[in-house]
Amino acid sequence: MTETKSFVHLLLVLAAILLATRALSALAEKLGQAAILGELAAGVLLGASALGILDPNEPAIHMLAQLGLLILLFEIGLATDLRSLAKVGGTATVIAVVGVVLPFVFGYVALAAMGIVGIAAVVCAAALTATSIGISTRVLAELGFLQTNEGRVVLGAVVLDDIMGLVILSIIATFAAGADVTTLGIVRTSAVAIGFVVIALLVGGFVVPPLFRAAKRLRAPTTIAMLGLIFAFSLAAVAGLLGSAIIVGAFVAGVLLNGIQQRDEVQGFAAPIGTLLTPIFFASVGASVDLRALIEPRTLLITVVLLAAGAVGKLIAAYVPVWFKGNKALIGTAMLPRGEVELIVAQTGLAIGALDASLFGAITLMVLLTTLLSPPLIQAVARRDPRARELMPRKLVG
1355 MTETKSFVHL LLVLAAILLA TRALSALAEK LGQAAILGEL AAGVLLGASA
1405 LGILDPNEPA IHMLAQLGLL ILLFEIGLAT DLRSLAKVGG TATVIAVVGV
1455 VLPFVFGYVA LAAMGIVGIA AVVCAAALTA TSIGISTRVL AELGFLQTNE
1505 GRVVLGAVVL DDIMGLVILS IIATFAAGAD VTTLGIVRTS AVAIGFVVIA
1555 LLVGGFVVPP LFRAAKRLRA PTTIAMLGLI FAFSLAAVAG LLGSAIIVGA
1605 FVAGVLLNGI QQRDEVQGFA APIGTLLTPI FFASVGASVD LRALIEPRTL
1655 LITVVLLAAG AVGKLIAAYV PVWFKGNKAL IGTAMLPRGE VELIVAQTGL
1705 AIGALDASLF GAITLMVLLT TLLSPPLIQA VARRDPRARE LMPRKLVG
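In the numbering used here, each number is its position in the sequence shown, counted from 1, plus 1354.
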């Protein structure tokens, strides 16, 4: 009976999430905003800050949200032409590296000036390094800019800075185990994260095409599409087992399948699953922060400092590659959202005792604010682009 009640409760929560995200997404689009903003607002409404219906830490909800994020990254990978991405690889790499170093340095220095030093400052500064790939790419896709050179630069940069952010997280996590941070350990962690992507792309380029050609001979309905999902889940699992990011594994799987003849079939199979699960992830992000933290002056001040340090660092990074002639303001704005990596950093810092409630609240509040404010900022910059009327949906051009 208890198990039945738990399942009924889960069904009701899921129904509330899907209803709220759909309704508020439609409202956001009617107001000329990106649909993702409605999904995030739905999470805030359903979370502890308002109705208290959605607990993002509930195991079943957390798993479904992570699965939604995985499917989202897989779909983004499917739409990513690696050859096109390689053309802007140098620009993306420079923006990624500078976009990690500057926010970290700015954040650490600013916090030190406020008297926050040591591992606490390191954790807070680390929470400024990674960009939320799910939010940035989703908004750019909705606006029609993901397949432009700017979109490819952002995609390449956020993948790289997510990897670097996860490397930093792995280093911080060593404090939890009481291990010493050594140069060898840092090199090993970095090699695993970056090596996984490189090896997966190289090996997958030889393995994937013949594998799917063989599957095509079976001529069974949905076989290719199902094999695509199996491949995505398997590569994501391998990434996790090797100590890299599961979502990076899903993205790489999508990139590898981008070149097969049956890509549209795989994409058509994954899209409805994403329509169901991806809103759960974004609603969970919105529900992850208690807005009552705003009443704490210290938390609010630290949040403002983190927002400023992170934003300035990312915006400067977008302008460093002087050879790139595209819309640098759009790239810089698209690098502003923070997300799942930052929340994991904050939780790790809290677990090892490096963060007090105020610092933890400031990081999570910073994530929520960048998540909520970035979509309309990206859209505002995109509207001023000369290509807006050609690329953007008419209802969003304004």
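You may find that some hints are simply not true.
To be verified - Result set (DSS-like, lysine-lysine): computed pairs, CA atoms no more than 27 Å apart in a straight line:
| id | residue 1 | residue 2 |
| --- | --- | --- |
| 1 | Lys1682 | Lys1749 |
| 2 | Lys1441 | Lys1679 |
| 3 | Lys1749 | Lys1441 |
| 4 | Lys1749 | Lys1384 |
As the list claims (entries may be wrong) - Here are the simulated distance ranges between beta carbons:
| id | residue 1 | residue 2 | range |
| --- | --- | --- | --- |
| 5 | Ala1568 | Leu1645 | 49 to 59 Å |
| 6 | Ala1591 | Tyr1673 | 30 to 40 Å |
| 7 | Ile1553 | Gly1444 | 20 to 30 Å |
| 8 | Arg1376 | Val1674 | 34 to 44 Å |
The set of hints was computed from the structure by calculation and includes no laboratory data.
Every residue gets a Cβ at the ideal spot worked out from N, C-alpha and C, and that includes glycine.
For this session: May I ask which of the numbered hints given earlier this structure violates, with the numbers listed in increasing order?
Result: 3
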